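Based on the hints, put chain D in the right spot on chain E.
So the protein sequences, as listed, match chains E and D. The first sequence begins at 421 in our numbering and counts up one residue at a time. The second sequence begins at 29 in our numbering and counts up one residue at a time.
None of the hints are false.
Below, simulated DMTMM-like cross-link-like pairs (lysine to aspartate or glutamate); rule was C-alpha separation at most 25 angstroms, straight line: (1) Lys560(E) - Asp198(D); (2) Lys560(E) - Glu409(D); (3) Lys560(E) - Asp570(E).
Residues from chain E that keep clear of chain D, each with C-beta distances beyond 12 angstroms, as calculated: (4) Ala449; (5) Asn450; (6) Ser452; (7) Ala526; (8) Gly550; (9) Gly551.
Simulated restraints on C-beta separations: (10) Gly524(E) - Asp301(D): 55 to 63 angstroms; (11) Ser497(E) - Gly290(D): 16 to 24 angstroms; (12) Arg144(D) - Ala525(E): 54 to 62 angstroms; (13) Asp457(E) - Gly121(D): 51 to 59 angstroms.
FYI, nobody ran anything at the bench for these hints, they're computed from the structure. Note that the structure is a prediction, hence the values are computed from the model and not measured. The beta-carbon is built from N, C-alpha and C at its ideal position, and this holds for glycine as well.
As a plain string of letters, each chain reads:
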Amino acid sequence: MNRMWIGLFAAAALVAGTAAPAGGSWASANCSPNHRDLTIWTRGDARAYATVAVGEGYEWGGGCWNDNDRDDTPADSDSDSDGGEGPDCSGFTFKTWMLRPTQGAAGGRWYDRFENIHGPYSTSEYRRPGGASWPFHLAKHDKDALANMDAYAKNGHIGMIYTLSTSTNDDYIIEAYGKPADPPTGVYVRDYFGQSPTYMPVQREGWSPDCAPRCTAANVVTVVVP
Amino acid sequence: MSAPPRGSVPRRLLLPSVVLLVSLAAMVVVGVVGASGDVGPRPEGGILELFARSPVLVRAGEPVRVPVDVVCATAQGRACPATVTLTAPDPAGRMVGVQAAAASGLSFDLSAPVARAIAGRASASVPFVVRAAGGGRTAFLSQTSTTPAPSRVYVVRDMPSVDLPVVPLDDTVDGEEVLFLPWGTGPGRAGLRPGNESPTVGPSSFDVGPDGSIVLLDTMQGRLATFGDGRLVRSVRLMSGLLGEVAVADDGAAFVAARSAGARWTGTVRRIDGSGAVAVVAGALPGLPAGIGTSGGGVAVRLLPLDAWAGLGGTTTTGRPTSAGELLVAVGQDGIRLGTVTGGMVTGAVELRSRLRLGALSLAEPDGAGGYLCVVRATYEAPAGNQFLVIHVGPDLAVRAFAVASADFADAATTSRFRLGPDGRLYQMRSSPDGLRIVRFDLEEVAA
Chain E
421 MNRMWIGLFA AAALVAGTAA PAGGSWASAN CSPNHRDLTI WTRGDARAYA TVAVGEGYEW
481 GGGCWNDNDR DDTPADSDSD SDGGEGPDCS GFTFKTWMLR PTQGAAGGRW YDRFENIHGP
541 YSTSEYRRPG GASWPFHLAK HDKDALANMD AYAKNGHIGM IYTLSTSTND DYIIEAYGKP
601 ADPPTGVYVR DYFGQSPTYM PVQREGWSPD CAPRCTAANV VTVVVP
Chain D
29 MSAPPRGSVP RRLLLPSVVL LVSLAAMVVV GVVGASGDVG PRPEGGILEL FARSPVLVRA
89 GEPVRVPVDV VCATAQGRAC PATVTLTAPD PAGRMVGVQA AAASGLSFDL SAPVARAIAG
149 RASASVPFVV RAAGGGRTAF LSQTSTTPAP SRVYVVRDMP SVDLPVVPLD DTVDGEEVLF
209 LPWGTGPGRA GLRPGNESPT VGPSSFDVGP DGSIVLLDTM QGRLATFGDG RLVRSVRLMS
269 GLLGEVAVAD DGAAFVAARS AGARWTGTVR RIDGSGAVAV VAGALPGLPA GIGTSGGGVA
329 VRLLPLDAWA GLGGTTTTGR PTSAGELLVA VGQDGIRLGT VTGGMVTGAV ELRSRLRLGA
389 LSLAEPDGAG GYLCVVRATY EAPAGNQFLV IHVGPDLAVR AFAVASADFA DAATTSRFRL
449 GPDGRLYQMR SSPDGLRIVR FDLEEVAA
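If we strip away everything but chain E, and leave its shape as in the complex, we get:
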């Protein structure tokens, strides 16, 4: 009987694939602070930052992940905050948007993906920003006014627009979706735009143009095919 339990435990540990020491969590074994303040933050860099997280895990209240394209703590519960791999949806947005860790603070801060930080905003605060001084605001419900890395937020979830909408008007949303979805953090095709006002578009303030800091020309180009 004992052998069976030992075997089951060993199998579970293998499945979990964690590098956690005894008594510690995956995050405590793998994550550490590493950040720097920013004066320039672009949609392009935010998207590049987020896309590296695709394939990683999901952890409620979490904010630390690696880049091995798999969930390192698949057996860890979604509903607690005990140091599993991955962000939750609001933490993912916080790090991707490079927000400051003080609620309402303007400016930008880059966080290493191994920094286990969720940030001070839950989805309800993204959905209802605290005031004009906050670093994000509700946007007009109009696709012409939205762009990559703007978000759709409701009470309980937030996801960011990844790229062009589809020919049937869905959006590619990059989001921490949660287990057991595969991937827990990934790009999904969703109609959050159509679910207004449950979901509302939210924009981060102060995006720098993608060409920053060396912008020399227009940033919208139409190429004519002969």
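Frame of chain E, contents of chain D only:
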């Protein structure tokens, strides 16, 4: 209807910018496209992905633009430079590529090739292939380095426009409940994961079998469950968390299309036969499944971002194969375009203009008489809300529409909330805090 430009910065941020039309002289003509390199879309720990939105169906004389977007990321999570090449027929008919640096707001203007194609014809199509290069890697819309079949823009000489009626918010038809499953665990319940800083997840898809049974992809319980007369008649074990789409063929076999395990942009189709045997019938489709349909004995899956319908044999088409032909659909926030391709020609092209902002298309089907049935979400500003519009447009352009409640407590695939049953009735998968319902609508009755 013009498709909204996306992947661009908001207009208010464009004020300091100048829209630059790059002339032929500024373009780099890079020659005939072909498969290139042995590289994949995940270069050296970095990522290269390509997206484009085809206008699908245009009217002769309209400007034709294909917005293109490239995600190029280093392994460190920084944006990297990339180029995009769009290849289309030149005046001599040769496929010639035009290259530009990837940038926010980039689009290719295909007006000239489209104008040449439609000259002297009632309808035509223009093939094009888009390719991105960055970090020493190449990606097509299939998100692989292998050249896919060309995408196509269809052009018609005539495409009448019809205004959609505005159905007031909450002026909805209730329908008839044919199945109710409370949330929970067990054969007579539907699995639910309540969202808490994540979406609330319920069954992701359903379909109606040839015998009228309801086939439910119960995502959280990891099963494909069949219900007849409100009772469970069969349950087939699948993996938990499968955010797929299901379609039932005429012979009763169910097909489930979903993202392949561990993949970013690869799809898998499983066939579940009447005995409950599960077989993978397509294991590496080049794209994310986002729509499934059966026609006769065949099944086709819409793949994104290729934006093509693929049969199990790998053949792709722009429109969904149906008994009436290839069904073309394009949706923007201000309208819908529909058309049917038979023998390379587009017939029955129609534009439905909307004063309400539209969300995504949930269903489009030929009506068998030269018209179309479609379901799309419409949003309202004052009072704020959204509901689905069920629209029938006949070959005489008569439009009838009614609304049904969104009832979307749990997340589900956009194109899996509605199905047209073999009995000609419309079925909706609804979710609310108490459980999941399948509701049906008699289209003749509610539209009368």
